[in-house]
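Starting from the two chains in their separate frames, assemble the complex, guided by the hints.
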Amino acid sequence: MSRGSRSALQSFRAVAAVAAAFAVSTLLLLLSGIDPLAALGALVGGALGDRFALGDTVVKTCPLLVTGLGVALAFRAGVWNIGAEGQLLVGALAATAVGRACGGAPFPLPLLAALAGAAVAGALWAGIAAALRVYRNVNEIVATIMLNFVAARLLGWAVHGPLMEAAGRYPQSDPIPPAALLPLIVGRVHAGVLLALLLAAASWALLFRTGAGFRWRVVGENARAARVAGFSPERAVLEAMLTSGALAGLAGAFEVLGVTGRLFEQLSGGGGYTAIAVALTAGLHPGGVTLAALFFGALAAGSGAMQRVAGVSAVFVAIVQAATLLAILALETPRPRRAAAESR
Amino acid sequence: MTGGESAPRLALRALEKRYGSQRALAGVSLALAGGTIHGLLGENGAGKSTLVRIVAGALAPDGGTMAIDGESVPFGGARAARAAGIGVVFQHFALVGALSVAENLFLGRPEAQARVITPARLAAEARDLAERHGIAIGDPAARVDTLPVGAQARVEILRALSARVRILLLDEPTAVLTPGEIAELFTILRRLRAEGVLVVLITHKLGEALDVCDTVTVMRAGRVVATLPADGASPASLATLMVGGIEDAIPGADAAEPASAAPGRASALALRDVCTRPGVGRVALDHITLDVAAGEICGVAGVDGNGQDELAAALYGLLPRAGEVRVGATAVASADVGAAQRAGLALIPGDRRRDGLALRLAIWENVLLSQPLLARATHRGLLDVDEARRDATELAREYRVVYQDVDQPIGDLSGGNQQRVVIGRALATTPAALIAVNPTRGLDIGASAQVHATLRRIAATGTAVLLVSTDLDELHTLCARLFVLYRGALRGPVERGEGARLAALMAGIAS
Numbered sequence: 008m009s010r011g012s013r014s015a016l017q018s019f020r021a022v023a024a025v026a027a028a029f030a031v032s033t034l035l036l037l038l039s040g041i042d043p044l045a046a047l048g049a050l051v052g053g054a055l056g057d058r059f060a061l062g063d064t065v066v067k068t069c070p071l072l073v074t075g076l077g078v079a080l081a082f083r084a085g086v087w088n089i090g091a092e093g094q095l096l097v098g099a100l101a102a103t104a105v106g107r108a109c110g111g112a113p114f115p116l117p118l119l120a121a122l123a124g125a126a127v128a129g130a131l132w133a134g135i136a137a138a139l140r141v142y143r144n145v146n147e148i149v150a151t152i153m154l155n156f157v158a159a160r161l162l163g164w165a166v167h168g169p170l171m172e173a174a175g176r177y178p179q180s181d182p183i184p185p186a187a188l189l190p191l192i193v194g195r196v197h198a199g200v201l202l203a204l205l206l207a208a209a210s211w212a213l214l215f216r217t218g219a220g221f222r223w224r225v226v227g228e229n230a231r232a233a234r235v236a237g238f239s240p241e242r243a244v245l246e247a248m249l250t251s252g253a254l255a256g257l258a259g260a261f262e263v264l265g266v267t268g269r270l271f272e273q274l275s276g277g278g279g280y281t282a283i284a285v286a287l288t289a290g291l292h293p294g295g296v297t298l299a300a301l302f303f304g305a306l307a308a309g310s311g312a313m314q315r316v317a318g319v320s321a322v323f324v325a326i327v328q329a330a331t332l333l334a335i336l337a338l339e340t341p342r343p344r345r346a347a348a349e350s351r
Numbered sequence: 074m075t076g077g078e079s080a081p082r083l084a085l086r087a088l089e090k091r092y093g094s095q096r097a098l099a100g101v102s103l104a105l106a107g108g109t110i111h112g113l114l115g116e117n118g119a120g121k122s123t124l125v126r127i128v129a130g131a132l133a134p135d136g137g138t139m140a141i142d143g144e145s146v147p148f149g150g151a152r153a154a155r156a157a158g159i160g161v162v163f164q165h166f167a168l169v170g171a172l173s174v175a176e177n178l179f180l181g182r183p184e185a186q187a188r189v190i191t192p193a194r195l196a197a198e199a200r201d202l203a204e205r206h207g208i209a210i211g212d213p214a215a216r217v218d219t220l221p222v223g224a225q226a227r228v229e230i231l232r233a234l235s236a237r238v239r240i241l242l243l244d245e246p247t248a249v250l251t252p253g254e255i256a257e258l259f260t261i262l263r264r265l266r267a268e269g270v271l272v273v274l275i276t277h278k279l280g281e282a283l284d285v286c287d288t289v290t291v292m293r294a295g296r297v298v299a300t301l302p303a304d305g306a307s308p309a310s311l312a313t314l315m316v317g318g319i320e321d322a323i324p325g326a327d328a329a330e331p332a333s334a335a336p337g338r339a340s341a342l343a344l345r346d347v348c349t350r351p352g353v354g355r356v357a358l359d360h361i362t363l364d365v366a367a368g369e370i371c372g373v374a375g376v377d378g379n380g381q382d383e384l385a386a387a388l389y390g391l392l393p394r395a396g397e398v399r400v401g402a403t404a405v406a407s408a409d410v411g412a413a414q415r416a417g418l419a420l421i422p423g424d425r426r427r428d429g430l431a432l433r434l435a436i437w438e439n440v441l442l443s444q445p446l447l448a449r450a451t452h453r454g455l456l457d458v459d460e461a462r463r464d465a466t467e468l469a470r471e472y473r474v475v476y477q478d479v480d481q482p483i484g485d486l487s488g489g490n491q492q493r494v495v496i497g498r499a500l501a502t503t504p505a506a507l508i509a510v511n512p513t514r515g516l517d518i519g520a521s522a523q524v525h526a527t528l529r530r531i532a533a534t535g536t537a538v539l540l541v542s543t544d545l546d547e548l549h550t551l552c553a554r555l556f557v558l559y560r561g562a563l564r565g566p567v568e569r570g571e572g573a574r575l576a577a578l579m580a581g582i583a584s
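Protein chains in written order, with the numbering used here: chain A, 8 to 351; chain B, 74 to 584.
The following block holds chain B by itself, in its conformation from the complex (with noise of 0.2 Å):
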């Protein structure tokens, strides 16, 4: 570390990001010196890659400030942020797969782009930029959608340096790659650093973190927690920092009592060994087994892109998948929708506005977007409109959705209201069992309590629910029962009050 004796390299003020209601940075200052390598490390959700988009100009904050060197930098653009040395390695490589390697880095150069150019000099130019970073990039001319990930991470990478770059900013790179790429990309990025250049590099791998950081700063609900070197620090220390708070989480004798299975209660939900084919859906399931009685939450937790999405997908019919899932004594088909419904399987999907919703529809034309309602709504073909608008305006009443007219479009409504409408949409089937996708996310608090007590409610009346959320405290409000998620496995159960347990599950240290 260079530290102390001149202003740092990246210095972030008091930076502030609203979405709606939800504060997704609160005031995050941070201090970093050239010539390291520093971790940021949080959960889904905390702010890391507002915070990313941010310093490289994709964002513009609501408030504070950011000096490079000790000069004051504005927030104006990703052109700017170049100018200023700032090079980033977004999550999901933003290469162009049908272009070159070398067409590829040209596009890095936007200044470059007033020029005729040549595949031949292209080619040259790129194969010298490879040789000034060291960085092997193989055929300049090949498409970059026939190298394997860990080729296209160095071609991202250098595409990032292309410009001088004081700062480099990679987001989750290693992600994708093999223990053998991440070896190389880390030899990269020490070479940088003794270059003098920042590297920030945002993960949730602990050990990857520990394994190549100098120091760390641990981020959570868009604050900084911690920062502190790398030295000192454990897997499970710093993973107790980025869940955060699990212990307070757990309800005291104030909160409501989650809801629990009777002990030997017959399993209205069961999975066994389900898995999906890797290329199929972005993380593949490997042999999840798992049973929820009629009654209970059951929560699965962990960190976003663990195979949350291609749970609930396998589940539904909406991805093909092996193995065997049983609503009661009912054997689902896979990816057959329809025989999900009519095993009484309902799903509360995780993105509603895509996935949910038809937006430009009314309220009551979405209520009908089910199947088995819609076919209720239906006699001999023809649809009875005013039993539609009946109904819809019934669960309104009963969801307290505020509208002003079940005619208007459904993306009229505030997201609360629409989730409202969502939940109450999959409950109007009195399902054995309910999916429930991270049913809380971007709710206030008021809109999140009542969900909360909507599913608690439908628990009662004997539905087996899955909860799968990426909200801890969400999870521990409801579910006696957590399992984790980690790389499409199912590890758990985990008892409530082994927060730390849960942790290392989530950072995939333990199993």
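Bound-form chain A, shown alone (with noise of 0.2 Å):
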């Protein structure tokens, strides 16, 4: 099988996933007594019928395309990093810190300064499982998710205390200076767009053009033989873990300077965990990343829509969404029994 076909595989499997979590929804539809072709027009209205729409699924594209990356880049390497979401969160939080403090500088530093500082924060709360993982052995599953609840509470924290707004009324931060936002580029598109692209493009020169990606991949894939290649497992967790934490950092950033201009508790809704499902569902594959975070953006987009209009609750997207990666995964060839817990 050569690796045209292998991607047109994945491409295929995608393709009917998506068919298959449709024909469901479809179905789910039909039993609640409403109209399927009326809910469908108006999610997929509300995701590309108009200027609007397409602006409001590229805004929600965007965290999940950055953290999608993040999360295939550590599944590659073979760690399961199921925090992309506190990761995301404690960016935000580091950006908005940042952002506010040295906003008084001109454009773009204070911007350039709060992208640093959300990465950098993405990236040690994410090395906090992999250390874990490395020195103590204990499961990156439970320690990424552990820490995706601590980083809640500490976000919650900081816009309860030192991040409240000076009016004291509700638990948000202060608007972010001007420049530290990112620029908005057409309607509500902000420039973290065009970033989280170049993000896409680096992630796969970085898996599949470098030394580094190179050690990650064949870690994910036999860390045994690694060990014999002379590839450490242990630094190519360390590694991918950090970039993967970097990226999810950076979402964070794009959300805070780019959507909201300010940080509260329930900034993410959950995109952190989506991110996981646009990994599979991409074939953890850079490209396949970017159209998925589009497909899911899409739904996330459409789905205020059809609410609206067809009086379809948001939860039916949560469904359809859930479905696409159930088919993904039944879908996935059964990998070889491999070493993957042999990785220690």
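Don't read these hints as lab results, they were simulated from the structure.
A hint or two may mislead.
[What the hints assert, rightly or not] Per the computed footprint, the stretches of chain B lying under chain A, defined by three or more beta-carbons under 8 Å from a beta-carbon of chain A, are:
hint, segment
1, 434–441
2, 446–458
[As the list claims (entries may be wrong)] Quick list of the computed label-pair ranges, beta carbon to beta carbon:
hint, chain 1, residue 1, chain 2, residue 2, range
3, A, A212, B, F148, 50 to 56 Å
4, A, V145, B, D377, 31 to 37 Å
5, A, F215, B, A402, 36 to 42 Å
6, B, R152, A, V145, 35 to 41 Å
7, B, L180, A, E241, 33 to 39 Å
8, B, G223, A, E241, 34 to 40 Å
Using N, Cα and C, we set each Cβ at its ideal position, and we do this for glycine too.
Structure (structure tokens):
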């Protein structure tokens, strides 16, 4: 099987999974006594119907794309980073803190500082789980999930405490100074979207055109063989997790610096978890992650319209997402039993 | 022995089993009487474990029949074998460490598992079972992983006996036991014999086979070589049968002369008191001192599991070790693969799929599965994919790899072609010293001959080759000097022509 036919197979899986998901969803709509055509029409209209709908789709795609890239990189190295959500939140927190602290400096210095702060914060947050895995043999799935809760509470503390608005009314930060914000390009579409696309290209190059990415992939495929080859699995896990966390942190920065302009508690809405679905749907390939993020972003954008126009709950979109992911996983060719557990 | 008057307890006829092109069993027939202890002896790969697994229902044969007490028994899975009265104690105990003794015994009775159980009831049943068979198990509520190995062996045997057993198979049960525990085990086996059970003991320890067995069958290369009463046999005669053809295997005038070191040449690979700690790896290496000269192929023989993997791993930096390893003038640090590679050491791992390949990655990517080669293909951190593909194509041509496209996953290739890639990769760095572990395992004759030619060629260019192999023919063909690994210690050298001494060293009955 050549590389071409493998990526064709992955595309087929993705299309088949989406089709299966919509079939299941249509059935559910019929059972609920809703006209599926009207509901899906509203969904598509809300996602792609006009300039604003398209803009909304693109804006909602951005964090999914960047966190999805991070998840894909980690998974490729065989380390199961379920912590994109938490890494995104600490990234948003760091971006807000840095942006507010040095917002007085001329553009784009505060913006760059805020982005750098977010990347570092996300990387360190992921680094906790990576260090626990490498030095204490703690399962990274458990560690990253736990750190998601800690990050959410940390953010809650920040917006009730040190970063709370001066008025002291709502648990949110004051607006971030304009010099730290991502410029808008068209409508609500901010410059972070362009950065996200650059990051997708960079992630592809990192995985497939650098020695480091090669080592990660070998470790992810066969950690024992990697060790015999002289590639340290521990080093690969640390590197991939830090990179993964940095990407998720940047996604958080893009949200506060490009969309909300300030920090508040329900910032992410579970995007860091959707990122796992994005990465898996995409077969852990950065190009596929871009398309899958767009699909999940369109679903998110369309769900509001569907609720308004057709009176269908947004929960319905969550069902489509979940059904897509399950179908993708079910269509996955079973991996040969491999030494994933032996990578200690 | 009850022999003669009735059908044998276990009759196997013309058992065949193939793995790909290899014949693991080539027409094995045996007739064993009840109320005896029968030893099954043979080298690694002789087919003993395959035979046990077939009788136990864990493996279906490609041909042959089985009868118990004259009644034909189909090969129908583990449950059917249990129903036919066959109990098995496998080489690696199949106990669940986190469960209690009573719970583990209960696991041996799938038919009882539909009932509601309580710990008290299980414990009572366990005590009952232990008493019935006169096997001490201590506290039935104790967790199995807290027990000494000897006690675990008793639990395992008791579990095998929990159904009504007419035939008890034990696959190398003494490998991990102390002498005291072994004596105790043999007492149990003798009692079972007195009760009319057929006990089949698989072992490669000749002394204990002669000690406890009534009759002994020696297997080699999937065939029965001889079945003989234990009384008249000596360890040396059994060893010769077991290793077999040692004298014939030494090449005559027609075969190529093994590579040998010119006298006085400096050692290219030097080991001084190389040890590993017990618990690191399966077998602890015991003060191994060895010199391999540039251009020499030095052989290390031994029954599998006597420290071969540990030796290769300790030298190549995969296991922490004590003692000194030098490649030329360079001392190699312990537990540092990079240091070993920089010193000019290369490894052909014994298990290529586990340790040598990433099966889903492309052929060209697998060619880069070595830090020095990756570094060569990487410029300022960027991987030159075109160059890597060209290098892989070149390597594939040089080593006659049969493939379609260097982009195809290496898992698609046959074992022989995969091994060509592994060997080509190991030699691509022109190592000063090469460690090759069973480099022809699983290969057909043509591919094996090519591997041998490659090893000779690399030695002729001045590389020191340490060939660790369980294949005596291979060692005799390639090596002038042979050592034997036995329980982690190196014995020898054995000169060519000392076949009997080699067999004795491998069986641990000479030093």
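Here is how each hint holds up against the structure:
Coverage of the segment 434–441 of chain B by chain A holds. Counting CB-CB distances below 8 Å, 4 residues qualify, and the rule asks for three or more. By the rule of at least three residues with a Cβ nearer than 8 Å to a Cβ of chain A, the coverage given for the segment 446–458 of chain B holds, with 8 such residues. About 55 Å separates the C-beta atoms of A:A212 and B:F148, a value consistent with the hinted range of 50 to 56 Å. Our hint of 31 to 37 Å for A:V145 and B:D377 holds, since their Cβ atoms are close to 35 Å apart.
The beta-carbon spacing between A:F215 and B:A402, approximately 40 Å, falls within the hinted interval of 36 to 42 Å. Hint check: B:R152 to A:V145, Cβ distance near 40 Å, so the stated range 35 to 41 Å holds. Here the CB-CB span from B:L180 to A:E241 is close to 36 Å, well matched to the stated 33 to 39 Å. A C-beta distance of roughly 37 Å is found between B:G223 and A:E241, which places it inside the suggested range of 34 to 40 Å.
Consistency with the previously given hints is maintained throughout, with no hint failing.
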